[in-house]
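Enquirer: Residue numbers (the numbering used here), protein chains in the order written: chain B, 8 to 572; chain S, 8 to 572.
In case anyone wonders, no lab produced these hints; they're calculated from the structure. There's no promise every hint is true.
As the list claims (entries may be wrong) - Keeping only pairs whose Cα atoms sit at most 25 Å apart, straight-line, the calculated DSS-like set for lysine-lysine is:
| id | chain 1 | residue 1 | chain 2 | residue 2 |
| --- | --- | --- | --- | --- |
| 1 | B | Lys514 | B | Lys456 |
| 2 | S | Lys456 | S | Lys514 |
| 3 | S | Lys133 | B | Lys557 |
| 4 | S | Lys133 | B | Lys133 |
2 protein chains.
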Amino acid sequence: MASTFAIGLDFGTNSARAVVVDCADGRTVGTHVAGYRSGERGVVLDPGDPHLARQHPADYLEALREATRGALAAAERTPGFARERVIGIGADTTGSTPLPVDARARPLALDPEFRDEPAALAWLWKDHTAAEEAAEITRIAREHAPEYLAPIGGTYSSEWFWSKIWRCLRVAPRVFDAAATWVELADYIPAVLTGVDDARRIPRGVCAAGHKALYSPEWGGLPSREFLARLDSRLAELRDRLYDEAHAADRAAGGLSAEWADVLGLRAGIPVAIGAFDAHYGAVGAGIEPGTLVKIIGTSTCDIAIAPADGPRAEIRGICGIVNGSVMPGWYGIEAGQSAVGDLLRWWVEVVCEGDERLHAELSDRAARLRPGESGLLALDWNNGNRTVLVDPRLTGLLLGQTLHTTRAEVYRALIEATAFGARVIVDRLTESGVPIERVVCCGGIAAKNELFMRIYADVLGHPMLLAGSDQTPALGAAVAAAVAAGSAAGGYDTFAEAKARMTSLKEERFTPDPAAHAVYDELYAMYRELHDGFGGVPGAAVELGTVMKRLLALRERVVGGGAS
Amino acid sequence: MASTFAIGLDFGTNSARAVVVDCADGRTVGTHVAGYRSGERGVVLDPGDPHLARQHPADYLEALREATRGALAAAERTPGFARERVIGIGADTTGSTPLPVDARARPLALDPEFRDEPAALAWLWKDHTAAEEAAEITRIAREHAPEYLAPIGGTYSSEWFWSKIWRCLRVAPRVFDAAATWVELADYIPAVLTGVDDARRIPRGVCAAGHKALYSPEWGGLPSREFLARLDSRLAELRDRLYDEAHAADRAAGGLSAEWADVLGLRAGIPVAIGAFDAHYGAVGAGIEPGTLVKIIGTSTCDIAIAPADGPRAEIRGICGIVNGSVMPGWYGIEAGQSAVGDLLRWWVEVVCEGDERLHAELSDRAARLRPGESGLLALDWNNGNRTVLVDPRLTGLLLGQTLHTTRAEVYRALIEATAFGARVIVDRLTESGVPIERVVCCGGIAAKNELFMRIYADVLGHPMLLAGSDQTPALGAAVAAAVAAGSAAGGYDTFAEAKARMTSLKEERFTPDPAAHAVYDELYAMYRELHDGFGGVPGAAVELGTVMKRLLALRERVVGGGAS
C-alpha cells in the first residue's frame with residue numbers, strides 16, 4: 008500500500024511550524040517555519056506595562072498559510088509523497104492564549120473598529136496583566152467552589168482564560184461587549200481550517216478547557232453561572248456564549264474547508280483534529296506512556312504524565328492540571344512545570360556573567376569536571392517563582408554555600424542541579440500520589456544539546472533520561488492526532504496507542520544514573536527539600552537551618568577526600 | 008620649643024612601613040615602605056598545603072633597616088626635622104605571628120641548621136595548618152578551664168599562638184626542641200631594637216599575650232602547667248621558658264641599642280615602646296575613644312573598641328578578645344572582626360564576574376543608583392565564615408531574593424549591605440553588653456575610596472561614619488605609643504589621652520545616616536538577623552522562613568512604588 012501523510016501544525020510564541028510526516032513511521036518529509044510579523048518577533052508589547060504580551064490573529068492566519076504551503080512544497084521533493092495522500096491535519100498551540108471573536112467567529116482584532124485596541128488581540132500565554140483577577144478568582148473559588156481548584160493545583164493563574172477575559176472586561180469593556188465568544192488559539196486554528204463561521208459552533212478541545220477554563224464534566228462543564236456571577240454578572244452572561252462540552256481527540260474537529268483546501272492544495276474534507284496545547288501534543292509526539300514523564304525543556308519546562316481515566320482521578324497537591332483526555336482519549340493528562348530552567352542558566356550566563364553562547368559552552372565544560380557535592384553549593388531554582396508543587400509565583404532564588412573561591416562554573420552547575428532537584432520534587436509528588444514515574448523522556452534544545460544537563464538529571468532523579476526521537480514533538484504529536492482522526496480506513500490509525508507506537512521514537516542515546524553520584528545527590532536533595540519546604544512555607548517543614556552549611560561542607564570534604572592539613 | 012619627632016613602624020603581611028611624625032600634631036614628615044623578599048610577596052607558601060603561610064625573620068630585619076632609614080632620609084628633606092629630635096620608636100605588627108628563637112633571642116630560622124625547615128620560620132597570622140590543634144584546645148578548655156575562653160569569645164583559633172606552637176611540636180619536634188622560647192613578632196621587633204640577647208628577657212606586650220596566648224593576670228598569666236599538660240607535657244615545660252608577665256604600653260620595652268642607633272643614625276637609648284598588633288595601634292592612630300568603634304577595613308575587618316578598665320570586664324558573647332591594656336593602658340581593649348569585607352567584593356568582581364578594578368568602579372556606580380530594598384536581595388556575608396559574633400569558620404555565603412532580572416550590580420550592592428549588616432550585629436552586641444557604640448571611625452582603603460560603601464554603612468548602622476585623618480593609622484598609633492614612652496620631659500606626652508588628642512585627627516568628610524534609608528534598612532536588618540541566627544545555629548532563633556522571600560518582595564514593591572498592572 009502506498010504511503011499516507013499527516014500534517015502537524017505547531018503555533019509557538021514567535022512562529023508557526025508545519026511538518027508533513029509519513030504515517031507509517033513518523034518520518035518528516037517536509038517542514039517549514041513562518042515567523043509572526045507583528046511586535047517583537049510576534050509579540051505585541053506595551054512599553055508602559057511589562058506584563059502585557061499579545062499577538063495579532065492576522066499573524067496566525069498568515070503563518071498558517073505560509074508554513075503549511077512551505078512544508079508541502081518541501082514534501083513534494085520527497086519521492087512517494089503526493090498531496091492527495093495527505094489524510095489529516097492536526098494543530099497545537101501555546102496556551103492559555105484566548106482571543107475574542109465576533110458572531111461569525113472572526114477575531115475582533117481583524118475588525119477595523121478595534122484596530123488599535125490591544126485587548127482585541129490574542130492574549131498570549133505569558134501576558135501577566137491579570138494578576139489581580141487571578142488572585143480574586145482563587146480567593147472566591149476557595150471560599151465558594153473549592154472543587155474547581157482541586158484539578159488545577161489549588162491556584163488559578165493570571166495566565167489563564169478567565170483571568171484574562173475578566174481583565175478585558177475591566178480595562179476594555181467595549182471589546183468585551185463586542186465579543187460573541189472567546190476562543191483559545193488551540194481551538195481557533197481548527198475552527199479556521201474547518202471553515203466554522205458561527206461563534207456558537209466552534210469545536211472546543213478539552214485540553215484548553217480543562218487545564219485553563221475550569222471545565223469538567225464533574226460539574227457540568229464550565230464553572231456555574233452562580234460562581235461566575237460572584238466575579239462579575241457579565242461573565243455569567245458570557246458563559247451562555249461559550250460552550251457546554253469540550254472534546255478529547257477521539258473525534259475530529261471537522262473536515263478541511265473547501266476554501267482552505269484550495270489555499271493549501273489539499274483534498275477538501277480531510278479531517279482536522281481537535282486542537283491541544285503544544286506540551287500535550289508534544290507528549291504524544293514523545294511517545295508518552297504510563298510511568299513516563301515527558302519533560303519539554305526550554306526557558307521553563309512543561310511536564311506531562313498520564314494516568315488511566317478508568318481509575319479515580321488522582322488528587323495531586325500542587326500539580327497544576329489533571330484533565331481527562333487532555334493528552335489522549337482514555338487517559339488523564341497530568342501537567343506540571345518548572346518556572347525557570349533554560350531561563351535560569353541564561354540569567355546566570357547572560358545577565359550576571361554578561362556572556363554569550365560560547366560562555367554557556369565553556370561553563371558547561373568546566374562544570375562537567377566537578378563531582379557532585381564538590382562545589383559545596385546548594386541553590387533553589389525559584390528565580391521565576393515555583394510552578395509545581397508549591398504553586399507560588401512570589402518565591403525567589405537562593406544560593407547557599409559559596410566561599411571566596413566559588414567560581415561561576417560552580418554556580419552554573421549548582422543551578423542545573425537546582426532545576427534537577429526541582430524536577431525530582433515533581434517526580435516524587437507524582438509517584439507518592441499514585442502516578443509512579445520510572446523514566447523521563449526529554450524534548451527541547453537544552454536536553455539535546457547539553458550532555459551535562461542530562462547526566463545531572465539522571466543522577467539526581469535516579470531514573471534513565473531519554474531523548475525524544477523527533478526534534479519537533481509538538482508538531483509530530485499533532486500529526487499523530489491527525490492520523491488518528493483519519494482512522495485506519497483512510498491509511499491512518501484507529502487508536503493513539505497504535506499511532507504512537509508507529510509514528511514516534513526515542514533517540515538511541517540514553518543517560519542512566521551513576522549509583523555513586525546518585526547517592527551523593529540523595530544527600531543534597533534531602534537538604535534541598537529542607538530549604539524547599541522551609542522557604543516554600545510548607546506547614547510543618549522540618550528544617551535544621553543551623554546545620555545546613557556545615558552539612559554541605561562535610562559532604563564536600565567527603566567528596567573531595569580532603570580536609571584541613 | 009623646637010619640634011620633636013617619633014617613629015612608627017608597621018609590619019604588615021607583605022611589607023614594613025616606617026613613618027616619622029611630628030609629635031606636635033602627628034603630621035608625617037617622612038615615610039618609606041620596604042617589601043619582604045621571600046616567598047610570594049613575603050609569604051612563604053607550600054604548594055602541597057594551601058593552609059601554610061610563613062615568613063622569614065631575615066625579611067623583617069632587612070625591612071626594619073630599609074624602611075626606617077628611608078623614612079628618616081625623607082624626613083630630612085622637611086625643614087625643622089633633625090635625627091637628634093627623634094624621641095622614641097614604636098612598632099606594630101600582624102598577629103598572631105609567633106616565631107621560635109634560640110637562647111640568645113635569635114630566630115631559629117637564621118640558624119643554618121634550620122635553613123630548610125618551614126617550622127622554624129615565623130608562623131604568619133593567616134597560617135591555618137593548626138586547625139586540629141585549635142579544635143583540641145577549645146575542647147579541652149571548655150571542659151577544664153572555661154574561664155580561659157571567656158575573654159576570647161569562646162573559641163580558640165587555628166591562627167593563634169598555642170595552636171601553632173603545638174602544631175610545630177607535632178610536625179617538627181626538632182624545631183620545637185631547639186626553641187629556647189617563642190615570641191610574637193610584635194614583641195620580637197622591640198626586642199631587636201633594644202638589643203635583647205637573652206630569650207628569658209624579651210619584654211612581652213599584653214596585646215599579643217592577652218588576645219592570642221590566653222594570658223591574663225586573673226589566672227596568674229599564661230595558662231596553667233596543668234592545663235598545658237593536658238595538651239602535651241612538653242607544652243607545660245615550654246611554659247617555664249615563656250613569660251610570667253606581659254605589659255601594656257604604660258612603660259617602654261627598653262632603650263634603643265647602640266648597634267641599632269648606629270644603623271639608623273638615631274640617638275642610642277631613646278625609648279622603644281611595647282609592641283602591639285596593627286589593629287590595636289591602628290585604633291590609637293584613629294583616635295579611639297569610648298563610644299567609638301574603630302573599623303580597620305581591608306580584605307577582612309578588625310574592629311576595636313575600648314571600655315574603662317576600672318569597671319568590670321564585660322562578658323561579651325562572641326567577641327574574640329577583651330584584654331586589659333591591649334589598646335592603651337587603663338582601658339580594656341575589645342577586638343571583634345568580620346571575616347570577609349573587601350574579600351567578599353573582590354570575590355564577586357574578580358572571581359565570579361572575572362573583572363578588574365574598573366569593574367569594581369563600574370559596579371559601584373551602578374549600585375549607587377539603587378535604593379535600599381530595591382534589588383529585593385538579601386545576603387549573608389559568610390563566604391569566609393563568621394568571626395564575630397558567631398565565631399564559626401564553618402559557615403558559608405548565602406544570596407537570596409534573585410529573579411531572572413537580578414544584575415551583577417544588584418548583587419554587588421547586596422554584598423556591601425550584607426557586610427554592613429554584619430557590622431551592625433557587632434555594634435548591637437557591644438551596645439547591649441554595656442559598651443555603647445555611637446560612631447564609627449574607619450581606616451583602610453575601601454572606606455576612603457568607596458563612598459557608596461560608607462553611605463550604606465551609615466544608613467544601615469544609623470550612626471555617623473567617620474574617616475581617620477591618617478592613611479597609616481597603625482604606624483601613627485605606634486608613633487603615639489613612642490611619644491608616650493618618651494614622656495613630656497623629652498618632648499612627648501605623659502598620657503595616651505594627650506598624645507591622641509594632639510597627634511591624631513579625623514577627615515572632614517563624614518557620612519551621616521539618611522533617616523528614610525535607615526528605616527528601610529531596619530526592616531532588611533531584621534530579616535538579616537533572622538537568617539543570621541537561623542543559619543548561624545543560634546539556639547531559639549526565631550525565623551519565619553516561609554515568608555522571608557515574600558517580605559523581601561513586598562518591601563521591594565513598597566520601595567519602588569510599583570506593583571503588578
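Enquirer: Now tell me if each hint is right for this structure.
Expert: Do the hints match the structure? See the list:
no., hint, verdict
1, B:Lys514 / B:Lys456, "holds (13 Å)"
2, S:Lys456 / S:Lys514, "holds (13 Å)"
3, S:Lys133 / B:Lys557, "holds (22 Å)"
4, S:Lys133 / B:Lys133, "violated (53 Å)"
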